[in-house]
Every structure is written in C-alpha cells, then in structure tokens.
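Peer 1: Protein chains in written order, with my numbering: chain R, 1 to 316; chain L, 1 to 316.
Bear in mind the hints are in silico, worked out from the structure with no lab data behind them. It is possible that some hints are incorrect.
Unchecked claim - BS3-like cross-link-like pairs, simulated, lysine-lysine; straight-line CA separation at most 27 Å: (1) L:Lys122 - L:Lys89; (2) L:Lys211 - R:Lys161; (3) R:Lys244 - L:Lys244; (4) L:Lys215 - R:Lys122; (5) R:Lys162 - L:Lys211.
Stated by the list, open to error - Ranges of calculated distance between the beta carbons of each label pair, as one might list FRET restraints: (6) R:Ile290 - L:Pro76: 49 to 55 Å; (7) L:Gln240 - R:Asn99: 25 to 31 Å; (8) L:Lys215 - R:Ser249: 31 to 37 Å; (9) L:Glu88 - R:Glu227: 48 to 54 Å; (10) L:Gln256 - R:Thr102: 43 to 49 Å; (11) L:Ile290 - R:Thr165: 26 to 32 Å; (12) L:Thr248 - R:Lys294: 51 to 57 Å.
Backbone N, C-alpha and C define an ideal beta-carbon position, used for all residues, glycine too.
Protein chains: 2
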Amino acid sequence: MKANRITKLFNVKYPIIQAGMIWASGWKLASEVSEAGGLGIIGAGSMYPDVLREHIQKCKKATSKPFAVNVPMLYPDLDKIMEIIIEEKVPIVFTSAGNPKTWTPHLKSHNIKVVHVVSSVKFALKSQEAGVDAVVAEGFEAGGHNGREETTTFTLIPMVKKELTIPLIAAGGIASGSGILAAMILGADAAQIGTRFVASEEGSSHINFKKEVIKAQEGDTRLTLKELAPVRMLKNKFYQDIEKLYSTSPTIEDLQDLLGRARAKKGMFEGDLEEGELEIGQISGLINEILPAKKIMENLIAEFEAAKIEASAIEF
Amino acid sequence: MKANRITKLFNVKYPIIQAGMIWASGWKLASEVSEAGGLGIIGAGSMYPDVLREHIQKCKKATSKPFAVNVPMLYPDLDKIMEIIIEEKVPIVFTSAGNPKTWTPHLKSHNIKVVHVVSSVKFALKSQEAGVDAVVAEGFEAGGHNGREETTTFTLIPMVKKELTIPLIAAGGIASGSGILAAMILGADAAQIGTRFVASEEGSSHINFKKEVIKAQEGDTRLTLKELAPVRMLKNKFYQDIEKLYSTSPTIEDLQDLLGRARAKKGMFEGDLEEGELEIGQISGLINEILPAKKIMENLIAEFEAAKIEASAIEF
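The shape of chain R in the complex, shown without the other chains (with noise of 0.2 Å):
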C-alpha cells in the first residue's frame, strides 16, 4: 500500500471512507471498516447526545484504529455534540450542512481534523478558505440529503479538482472498486461510500429497509422534495405520496405537512417500507447482497486492483 494525501492525513491504510449516514452507521458498521483498513464513520444526525457518546465509546473499544464521527450541522444539540466530540477524544470530524466556518477553528484547536461535505465548486472552496482539512464532493447521485445544483460525480469531481488544493474525497455513486478507481482517475484521493454499506450485516438500519436496498434497479430512487431539502430515497408508497401532492400545486407548508416528523426514522430504522422515508442512492440498483462490512471492504479492494489491471490493458 502507498499512502496517499488522504490515507496519510487520516492514517488509514486504504483510501475507502465508510459515509457516515443516519439510521444505518452506529458503531458496529464504523468499528469494522476501521478494523478492515478504511475509514468508519458514526453518523451523529440521527442520535440525542448520549446515544452518540455510547457509540463513540464502544467504537473505541472495539477497535484501536481511527475512526470519525458526521455531524450534520442543522442539528438542534450541537453545541452538546461538539463538546462530546472534543471530551471523547474523535480524531476525525465529518460535518455536512452548514456553515464550514463555524466549527472548525474550534474542532481544529483540539486537534480534531475536520472534513466538509459539499455539492459544488463554491462550497468546496469556501470550505478550503475556512480551513478544513479535506473535502468530500458529493453527486447527484447520492442517497438521502443532496444539493440544490444537481451536479452528478462524473462531472463535480473534475471541477473541484480543477480548483481545490486540499485533498479531496469524492462521493455519491460509488459502490466498487471500478468506481473507486474511477473516481481517482477523476480527481479524487479517495472515496466515500454510503449506499453499498447500508447493506452490511453490521448496518443498523431494519432489515426490511436492507433488504429493499438490494431489490432496487435502476430507475428506483428520485431526488425529491427540494423545496424544503432536495433529498433522494426510493420510490415507494411514501413518495408516491409526494407525487400525488405535487400534482396539486402545493404550499411549502402542505409538503411539510405530508414530511411530518421522523419519517426517516420510520422508514429505516422501524422498516416501515409503506409509510417511511427510505433514503438511498442511485447505485442500489448495482447491489444484490447483504454482506459483512468485512467482506465488502474485501470485495472493494479486490474489485479496486482487478480495475486496474483491466485500465492498464485498455489502449487506443
């Protein structure tokens, strides 16, 4: 293995970065992309303070490697959240949705590196001027909560590349190891991978809301709702739902009336396929199987170096 930018800034052995997703990444699916070589990821947005200080412990303790915590940054706790991050020593801070200046001094001043999720060219720039260590760009592709300028990853990851000097993780779509290279050869150091690990046995989503996952095709999912916060999920009775609304000429309160609360809640965590909000990407329709984190860790890297040799084959 050759360490590169991001390898090295997170001291990890491979380029493979768990996303940190709500209602599907606790600490059983982070400890063990850590423990296999990548980067796990506990996702804060869907846990009170002290169910994420118990999954930040029992990370730790099962696994001495580093591992980093997402923390959108619309959360309602946020101030009690950082102060856990800080007193339980995270060594990686992803934040998403917010202002990329408003955390990071202080998360940096612990000695916390910190990464910003964004969608575009601008944010990834504004996130480097606030002094961020790396970037993660995400597609349009991508599953649950998504930006408003609709670039897909073929084509953010070459721009942001063209402008952005810290290092850069690219997201939304990848489910491989021929979209991990593919990705790289792009522009990225690396690749944030949510979708394929929903399915992991270690994934503490519902097992129906799993198994949903692997029946999807392509065509399945829709960004939706993107006059309250653009988001992708499947197009099950709950978006048709959406759908009928639409039809009607809604009210931004009408929409938010039929979003309610917990939604997401009900979908992947109860497994409630009818009613519930079942967020995910485009690239379910590439995936058959639940498998152990890993195994698909595995899977990746040997997906990842049989690419390779099947590039280094490819001639004009």
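Based on the hints, put chain L in the right spot on chain R.
Peer 2: Below, chain L without anything else, positioned relative to chain R:
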C-alpha cells in the same frame, strides 16, 4: 492502437464518438473528427431532408473515413430522412427518441450499422433485443434532451454493463481523456462526447452560444421542462422565464406556449442568448476555450494516455 469492440465495429482508430447534436454538428465538424481517427456524427435533428443530403455529400467529399448520422425518431420527415441515408450509403446510423424496433431491421438490411441512444437499463435491453449493433447509455448530466429516470453516467454505465452483451458507449459528462478512461473503467467500450465539440471551431452553432458555453461554470445548467421532454440547458433568461412560469402552477399547454417553436434554433444557431434555448451539458463548466476539432481530438488522446499512466501509479 489496440482494437476494441467499438473501434472494430465502426472501423475507426479511437473509441471516441462525437455526438450528433442539433444546431452544432454538421459535415464540417463530423468530417474533422472522422479524419482525426474518431467517429464524427452529423446531427439530422435540425436539418430538412435536402439539407441533410447536402451535409452527407459534403462529409463524404471531406473524408473517406467512416462517419455516422444521428436521427431523433420523432422527426416529421422520418421516411424521407432514412431514404436519403440509404441512398447516400451512410455506413452508421445512431437513432434516438423512439422505438429501436421501428427502423433497425430496415437499416441493417442495407448493411448499415445501427446504434440506439438510451438513458436506462430497461431501454438498453430493449435496444439489444431490437438487434442494434451497440448502445449509447447517456447520463443525467448530458446536454439537450435526456431521460426521465435521471440516472447519472457514474451509476448508469456499470448498471447497463452488467446486463448488456453488445458494445456499450458512455455519454454524458465526458469532455477529457481522464473522463474517457473513467467511463471505460466503469464498463464502457467507448465514449460519446458532445459539449466539448460544441465549443469547436468547426461546430455550426452561433459564436455567441459557443462563447457562452466556455464561460459556463459548475451549476450553470439545469434539466427542465420535464412535463414536455426533459432537456438540459444553460440558465439564461429563457430558463428564468420557465422558472417563473413554474411558480404559477402552469398546465402542459402553458409550458408549450412559452416554449413555442424554434427556441433551440433561436439560441444555438441564431445566437439569441436571452430568448433562445441553449442546450449544453454539465461538463461545460470544465471547458474554457474554443478549439479546432482536430486539436480537441489530439488533447483527448494525450489526456487519455496521461490518465492511464496516473492510474497505474495509484496504489492501495
């Protein structure tokens, strides 16, 4: 140069196909690309039958190498267009926007190679069943008319590749040699490139439009008019007018009235940057200069070779 399935099929040197684009790709651009070792395509979508015949004849005079004609099958004079293609012995036809069963057997009975453009796995397989020689799978980031599934190049290519047995051409978001290599690693046999060739000296679009394409940045295009036929365009005044209309909950007829007739011609051929429809892909953000088509081909090939060397140096 090592032949692959696409270079063998078309009898060209490089697996680089210049997309057939309305108001952009006439005989000048197509013949230059073919002369440079790629496959040039005349876009019939903006041509009356007699105009198309003239372009085909001029292309044949300008190059003895293979070229193709792209035919959107919603064309009103389709019988006449196909008759001319057969009479003029065009060796390769790319069809789009229609059922591949309708014309494939007839064209193939005249020894014409047929390629169909799709944006989903489902229609890729339907095209294969219809007997086409190859499929173009075009991602959400592509300029102009586009699919309803919104599947991106990064996720569409591996998903189509997994199911398809005939050769696969990737399109959408590709404008550099590293993009070609990335698309091939994801599973494509070749790359179709549109936006990069719009900003060519030989492209037949108005200079105003070409200059607007090279000025475009990440986030400057949008897929819109999904209720009519989804189309990706620059966010100019006409696009803002569409957005304003959307805010009033318009009917399909309202949208059709705003679109009117010949908007694309007004924008791309007559150079009206305010009232015209300016169809272009997301990757326009990466393109900064208008170049001769021959130079574009040389750059793509040099970048491809450089990307291959870089790829071989990536290690885990």
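Peer 1: A separate judgement is required for each hint: does it hold in the structure or not?
Peer 2: Against the structure, the hints come out as follows:
{"no.": "1", "hint": "L:Lys122 - L:Lys89", "result": "31 Å, violated"}
{"no.": "2", "hint": "L:Lys211 - R:Lys161", "result": "23 Å, holds"}
{"no.": "3", "hint": "R:Lys244 - L:Lys244", "result": "22 Å, holds"}
{"no.": "4", "hint": "L:Lys215 - R:Lys122", "result": "16 Å, holds"}
{"no.": "5", "hint": "R:Lys162 - L:Lys211", "result": "20 Å, holds"}
{"no.": "6", "hint": "R:Ile290 - L:Pro76: 49 to 55 Å", "result": "51 Å, holds"}
{"no.": "7", "hint": "L:Gln240 - R:Asn99: 25 to 31 Å", "result": "27 Å, holds"}
{"no.": "8", "hint": "L:Lys215 - R:Ser249: 31 to 37 Å", "result": "35 Å, holds"}
{"no.": "9", "hint": "L:Glu88 - R:Glu227: 48 to 54 Å", "result": "51 Å, holds"}
{"no.": "10", "hint": "L:Gln256 - R:Thr102: 43 to 49 Å", "result": "46 Å, holds"}
{"no.": "11", "hint": "L:Ile290 - R:Thr165: 26 to 32 Å", "result": "28 Å, holds"}
{"no.": "12", "hint": "L:Thr248 - R:Lys294: 51 to 57 Å", "result": "54 Å, holds"}
The structure does not agree with numbered hint 1 stated previously, though it agrees with all others.
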